[in-house]
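> Residue numbers (the working numbering), protein chains in the order written: chain P, 1 to 155; chain R, 156 to 335.
Treat the hints loosely; a few may be bogus.
Claimed, not checked - Covered stretches of chain R, as calculated for chain P (at least 3 residues, CB under 8 angstroms):
#1 187-195
#2 278-288
Unchecked claim - What follows is a list of derived Cβ distance ranges for each label pair:
#3 R:190 <-> P:50: 18 to 26 angstroms
#4 R:318 <-> P:57: 28 to 36 angstroms
#5 P:102 <-> R:194: 12 to 20 angstroms
#6 R:179 <-> P:50: 16 to 24 angstroms
#7 R:214 <-> P:50: 34 to 42 angstroms
What the hints assert, rightly or not - Here are some, though not all, of the chain P residues that point toward chain R, as calculated from beta-carbon distances under 10 angstroms:
#8 47
#9 62
#10 65
#11 66
#12 88
None of these hints come from the bench; they were simulated from the model.
Note that beta-carbon positions come from the ideal geometry of N, C-alpha and C, so glycine has one too.
Now for the letters of each chain:
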Amino acid sequence: MRMLPRLLLAATLAFAGLAAAQAIDPLPFKDHAQEVRFQKLTAQLRCLVCQNENLADSNADLARDLRHEVFGLMQSGKSDDEIKQYLVDRYSDFVLYDPPVQGNTLLLWFGPLLILLAGAATVAVTVRRRNRGTTPAAVDSKLLDGASNDRGDDW
Amino acid sequence: MSRLAPFFGFMLLVALFGFGIWWNTRHDQREVPSPLIGKPAPEFVLPLLDDPARTVSKASMLGKPYLVNVFASWCIACGEEHPVLMAEGRTLGIPVVGYDYKDAPEDAKAWLARHGNPYDMVIADREGRTAIDFGVYGAPESFLIDAKGVIRYKRIGPFTPEVIASELKPAIAALQKEAP
Chain P
1 MRMLPRLLLA
11 ATLAFAGLAA
21 AQAIDPLPFK
31 DHAQEVRFQK
41 LTAQLRCLVC
51 QNENLADSNA
61 DLARDLRHEV
71 FGLMQSGKSD
81 DEIKQYLVDR
91 YSDFVLYDPP
101 VQGNTLLLWF
111 GPLLILLAGA
121 ATVAVTVRRR
131 NRGTTPAAVD
141 SKLLDGASND
151 RGDDW
Chain R
156 MSRLAPFFGF
166 MLLVALFGFG
176 IWWNTRHDQR
186 EVPSPLIGKP
196 APEFVLPLLD
206 DPARTVSKAS
216 MLGKPYLVNV
226 FASWCIACGE
236 EHPVLMAEGR
246 TLGIPVVGYD
256 YKDAPEDAKA
266 WLARHGNPYD
276 MVIADREGRT
286 AIDFGVYGAP
296 ESFLIDAKGV
306 IRYKRIGPFT
316 PEVIASELKP
326 AIAALQKEAP
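So here's chain P without its partners, still in its complex pose:
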């Protein structure tokens, strides 16, 4: 009986390996370097069907077709950028996992920085205001000691 969990684990792992192997087509790469390049490139491209997966991992039919397309372009000597452009021409910037920095993506790229700066400014202003108000506030609280607890968090 003790063997059973181990057997189950082994079987699960074996099947997991099988599933992972199926996601990768046996493409006739020239050498290992090309295979690495292919894996790296397809990992940067989005599958249009299951949009949270990249081309390398997706089992969707279209993803397989596009992998073959990328492979074919690679064989014909196209560079990574040319292959990306080829797909962008057909499927828009959406196929790129990393959106390019351009007019309509500025907010996407730098929005978080803006929010961070706004937060930092708020903190700076608050801290400065509190420091300025320390002495009177301390006096106040001593005067009102026990009378009022609801000083709260003063922004």
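Starting from the known structure of chain P, fit chain R onto it as the hints suggest.
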């Protein structure tokens, strides 16, 4: 005032959240806007489903606008769209070309025989190779191509009578107005 700041901050987040919900009910997040609209349709040469010896190409279709409707017998949403095309396809005033996508010819023929054939002709792309040039990522998708071979409008997902009335027919009318 400063005591109310957290409340206003909270209301701002609520408004943002509400806007997000409203936006997503009106937009399909999965929809990939085609970069091909306003650009020449890709070159294609595809065999007819009924007679694979004969082919249809972009060049052979030049001269009048037409609608390309990507469908497949395995595509469930195409089954939903089909009755709409059966009812309205002939009222569009332009040829409707069926684009059988990654489908076994016998399956497609059986499907059309069972549900009816709303198309003026059906071309078959069994491998889906040409569909990549068109930026097809699912079926159904439809392309309105003008007399010069330029893609003028694309519909991702099934046509409904509402979409035909509000989007497709005005687009066709605009094409016919600019024709001499």
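> Determine for every hint whether it applies to the structure shown.
Now for the hints, and whether the structure bears them out:
1. Chain P is given as covering the stretch 187-195 of chain R, and this holds because 5 residues of the stretch bring a CB closer than 8 angstroms to a CB of that chain, at least three being needed.
2. Figure legend: the stretch 278-288 of chain R, annotated as covered by chain P; annotation consistent (5 residues with Cβ-Cβ distances under 8 angstroms, at least 3 required).
3. The hint said 18 to 26 angstroms for the Cβ distance between residue 190 of chain R and residue 50 of chain P, and at roughly 21 angstroms that hint holds.
4. The beta-carbon spacing between residue 318 of chain R and residue 57 of chain P, approximately 33 angstroms, falls within the hinted interval of 28 to 36 angstroms.
5. Judged by the Cβ atoms, the range 12 to 20 angstroms given for residue 102 of chain P and residue 194 of chain R holds: they are separated by roughly 19 angstroms.
6. The supplied range of 16 to 24 angstroms is met by residue 179 of chain R and residue 50 of chain P, whose beta-carbon atoms lie about 19 angstroms from each other.
7. Take residue 214 of chain R and residue 50 of chain P: their Cβ atoms lie about 36 angstroms apart, and the range 34 to 42 angstroms holds.
8. Checking residue 47 of chain P against chain R: minimum C-beta separation of about 9 angstroms stays under 10 angstroms; hint holds.
9. Hint status for residue 62 of chain P relative to chain R: holds, with the closest Cβ pair at about 6 angstroms, below 10 angstroms.
10. The interface hint given for residue 65 of chain P is met, as the beta carbon of that residue sits about 5 angstroms from the closest beta carbon of chain R, less than 10 angstroms.
11. A least Cβ separation of about 7 angstroms between residue 66 of chain P and chain R falls short of the 10 angstroms threshold, and the interface hint therefore holds.
12. With a cut of 10 angstroms, the hint placing residue 88 of chain P at the interface with chain R holds, because the nearest CB-to-CB distance is about 7 angstroms.
In summary, this structure violates none of the numbered hints.
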